[in-house]
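Visitor: The task is simple: from the sequences and hints, build the whole structure.
Chains as they are written, first to last, in our numbering: chain A, 1 to 231; chain B, 1001 to 1262.
Honestly, the hints are just simulated from the structure, not real lab data.
What you were told as hints is all true, and nothing was included just to trick you.
Reference excerpt, derived from the structure (chain B facing chain A, CB under 8 Å, subset only):
#: 1; residue: Glu1160
#: 2; residue: Glu1162
#: 3; residue: Leu1167
#: 4; residue: Gly1168
#: 5; residue: Ala1169
#: 6; residue: Ser1173
With the Cβ distance kept under 8 Å, some of the chain B side facing chain A (calculated, not the full set):
#: 7; residue: Gly1159
#: 8; residue: Thr1163
#: 9; residue: Leu1165
#: 10; residue: Ala1166
#: 11; residue: Asp1170
#: 12; residue: Ser1251
#: 13; residue: Ala1253
#: 14; residue: Glu1254
#: 15; residue: Gln1255
Note that beta-carbon positions come from the ideal geometry of N, C-alpha and C, so glycine has one too.
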Amino acid sequence: MNAPSTPAGPILKAERLSRIVNGKALVDDISFELYKGEVLAITGPSGAGKSSLLRLLNRLDEPTSGTVYLEGIDYRTIPARELRRRVGMVTQRPFLFPGAVEENLRYGPAQRGEELPQKVLEDLLLRVGLSGYGERNVANLSGGEAQRVSLARALANRPDILLLDEPTSALDDDAKLEVEGLLETIMHGQGLTCIVVTHDAAQAVRLAKRALLLVSGRVVRSGPVAEVLHA
Amino acid sequence: MLKLLFHNPLSLGFAQAGAAALAALMVVLLARRRQIHLEGEILIAMVRGLLQIIAVGSILFLLLGGPRWTSLFLLAGMVVAAAATSARRAKGVPEVFQVSLYAIACGAGSLILLMTWLGVIDTSITALVPVGSMIIANAMNTNGLTLNRFRADVLAHVGEIETALALGADTGSSVAIYVEASVEASLIPAIDNLRSLGIVWIPGLMAGMLLSGARPIYAAMYQFVVLSMIFAASGLTSLVSTLLVRGRIFSPAEQLLLRPGR
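Guide: Written out as structure tokens, the structure is:
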């Protein structure tokens, strides 16, 4: 792996991760490292195992073999809820909970018995360009707005790493540009460590410095994003 | 009309069963015309039901002269059969038979024992078996409805449940609204039966008591007692069932196991 040279170790290290379901390898012996502040793109054709790999990283699915180290600690020893707070996830569809936008943002901290301060809530909405939307019912949001609420909701948990699973693929062109611009701001402007799954090569180039190209569950190329995508 | 044609009680019974089955078959045919295919399940259920009730009637006839404790074996057998029947309403749910067995045994079994101990249900076989079977049958229906609704809701909301897990929710919180909806929906028949008692519905037990010479007011009170017991047993069954199934659809690492295609 061509990991950037930093004095500290990787924040996340996947070691020989595999997931086999009904005899089919969805993820096949994948290893990589992710460093703090880095954005890694995982790309490849449909059915390549991109989303399956992402689901292993916050342990929504169990690896058949291999494991993940989070700051050097085997993630199987970290309680699932703590792991998922630290490794947040934004899915292709936002799956907002019924009710107001602010209730969605408060959901994650409330699971740990914490109250999200109003100032933090307003800052989060400002960061995703939805200032003043706190009391709006999620049923009245557009697709792009809903995805931005989903992003703010994940950020409310203060994750160490954010996993983004095709965050713009369910949006129309305008909303896609709007959300992608927001992601660029958050990733690059605020130094968030991210893994973004995308089948859109141009988007991978815009968002990430490094990429993994998956085919049939295996990494076929890895390295600087331009080299991986244009080899 | 049938009484004019059949004078022997047994042949009259078969004729009445035939007439009732014909009505059910007509509904099946009507449904079929609208592309709703109930025939396989209904036909099997009717034949099974008829054979089973004749078998139970024969066993009851044999047991009537026996010791009272034999009814406990009969009721225990009913609980097992009820668990197997309602478990079929939630295929794909891990350990669904065990869940159903424990839920019905806990909901219906414990209530029958308690009410028998208190003297609400008479210990004679002729009282304990029919009243117990009504409680078990309703617990079975409630359990089937609970599991069926819960399974459908979970499968339809995998994204929402996994989103909640991904945000750090515990497994119980992630499915809490589906547990609540399942319990509420499964208890609608029991609540409506209580609500409409005497106005819409005069159940067979009361009719039987009146025919056997019981005082109408006592027959009516006892009917209320039975329906209250049915509600209590059904509610407890549904609560236990959801509590047990909730724990079985997640792995020890809090991963959702009940997903489409699994």
